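Kindly generate the complete structure, drawing on both the sequences and the hints.
Chains A and B supply the protein sequences, listed in that same order. Taking the numbering used here, the leading residue of the first sequence gets 1, the next gets one more, and so forth. Taking the numbering used here, the leading residue of the second sequence gets 1, the next gets one more, and so forth.
Hint data in this document are derived by calculation from the structure and do not stem from the laboratory. Here the structure is a predicted model, which means the values were calculated and not measured. There's no promise every hint is true.
Computed from the model, here is a short list of chain A residues facing chain B with C-beta under 8 Å [what the hints assert, rightly or not]: (1) Q36; (2) G130; (3) G133; (4) P148; (5) E381.
Glycine included, C-beta positions come from ideal geometry on N, C-alpha and C.
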Amino acid sequence: MSDHYDAIVIGAGPAGLTASSRLAEMGLKVLTLDEQIRPGGQIYRNVDNASPTNLEKMGEEYRKGLTLTERFRKSGAIYLNNSSVWNVEPQGRVCYSRDGVSERITANYIIIATGAMERPVPIPGWTLPGVMGAGAVNGLAKEAELSPAGKVVLAGSGPLLLLEASLLLEKGIEVEAILETTPQIPTPAILSDVPKALLGTGFLFKGLKMLRDIKKTGVPHYKGIKKLRAIGNETLETVEAECGSEKISFQADMLLLHFGVIPETHIYRMLKCHMQWHEKYRYWQPVTDSWGRTNYEKIFASGDGTGVGGALAAEIKGELSALEVAHCLGIIPTYERDSLAASHRESLLKDSYPRPLIDAFFAFNPANFTFDDDTVLCRCENVTVGDIRTIISQGVTELNEVKAITRCGMGPCQGRMCGPVLGEIVAAELDARVPEAGLLTIRPPLKQIPLGELAAMDIVADGVDPANLFKNQSK
Amino acid sequence: MFNQESTVTAKFEIVLDGETIAVPGDMSVAAALLAIGKITTRTSPTAKEPRSPHCLMGICFECLMEIDGVQRQACMTEVHEGMVINRGIKEGEGGK
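Written as structure tokens, this is what we have:
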């Protein structure tokens with residue numbers, strides 16, 4: 001296989017698929033690296049391998065993914081599934097591992113479209129078998145037609161939590177309760193987002209219908225819950241919470257958690273892309289221009305990883321990044337880029353209208369959580385919230401120092417699960433804003449690879465040896 | 001903990017913790033194990049407690065297990081005939 005491409009696209013969700021398709025359709029040599037088994041990302045997981053019954057069951061929104069995967073298959077982009085990208089360099093080099101072999105390849109441009117993830121929020125007992133992400137269970141339905149058996153409790157906040165609840169109820173799953181951390185009465189601050197939302201009412205009507213359907217089933221549905229905890233010996237047995245002065249408790253075989261969606265930023269942070277903290281949504285995102293270009297000329301960020309906007313927005317962002325890359329490669333002149341982009345920009349704007357209201361409505365509020373001292377924060381290294389507070393009380397003031405001393409964020413997940421809330425906890429303890437507490441440093445390899453695989457790499461092109469791949473490890 | 005509604009008939013024989021066992025195919029190792037009721041993916045090396053997959057999309061690493069001799073994320077690896085999987089679940093540390 002040739003090792004230089006016009007563009008390498010990382011990720012095959014809506015943004016990655018459209019970006020790859022657009023560039024390949026223009027005759028460019030495009031490689032799409034995807035960590036998953038099949039294209040589609042999480043939203044369209046397994047879509048072009050789904051059984052007709054599953055396509056029917058997962059609904060019209062899911063079937064839209066077929067258009068993207070069909071276009072992608074026809075486009076001529078080279079697709080490599082099961083490929084874990086573990087290093088990206090600003091000059092346009094990528095290292096990835098596939099089938100036990102690591103390769104180092106280059107491209108004129110790299111479009112990173114690695115999407116978003118469910119916001120991990122530690123609660124007591126969240127490490128018990130049976131406690132899973134609501135999105136994880138949604139993915140299992142798409143990938144393997146698996147549905148939860150036994151008693152299920154859903155807890156957290158956000159439209160996807162309610163969507164998953166209604167999907168499970170429709171299937172006749174025994175949903176014991178829906179426990180929302182969303183306040184019973186929204187704050188008046190959301191009123192400012194209402195007028196804009198009225199420009200895009202389709203989404204809102206769909207949400208209201210979903211709520212009505214849930215209500216009809218009579219499943220206990222609490223809002224404004226606090227002190228959520230999962231209890232069990234070897235697996236989950238009970239879910240407890242408080243609602244006002246009322247203590248509520250449900251027997252459960254599964255607890256599905258969902259606290260909204262945040263960009264997956266590890267790859268940008270490893271590259272040392274400029275990052276910005278979004279105070280309202282409480283997440284980090286890479287700084288980009290309107291085409292998705294980061295502070296590096298050759299590195300583009302596209303899709304939900306640049307700020308969560310959903311599948312359609314991601315698809316459009318993919319088109320826009322591709323148009324600019326094609327323009328930079330001299331395939332299309334400026335006027336053509338701009339005229340092709342105009343209708344995409346319009347669709348992106350229209351799609352964004354209802355989002356601020358929805359985001360404000362379901363906003364993550366760390367104050368709703370007590371983060372008890374004995375709660376495990378870092379699942380990999382078994383570091384508790386109390387361990388973090390102790391270190392801070394001894395004078396530590398920065399996330400990476402906390403990491404070095406406690407090992408929080410140093411396990412195989414590299415802070416993917418503990419990092420977001422670690423930032424909140426450290427900031428709260430310091431009485432500071434999250435950016436003042438810092439952001440965990442990410443280094444290659446992004447995902448672990450056997451040392452033998454690294455040693456077997458054939459790196460001769462410009463005299464860089466494997467040892468130098470990790471040269472920026474001083475801090 | 002899960003029911004499989006699938007019409008998919010592909011079945012593979014794999015070796016799980018030294019025992020030959022049939023699992024559905026055309027899905028990830030994690031999904032295939034969940035489909036046959038194997039909820040526990042590993043014993044946490046630090047907490048020594050059983051864990052199950054949490055995210056199923058490559059983020060949480062709770063489904064790390066030895067697959068064909070290499071530590072891999074079971075949710076990102078497609079199951080195939082004859083696969084040898086060791087979850088490293090020790091006696092007395094739970095696990096189903």
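Ascending list of hint numbers which this structure does not respect: none
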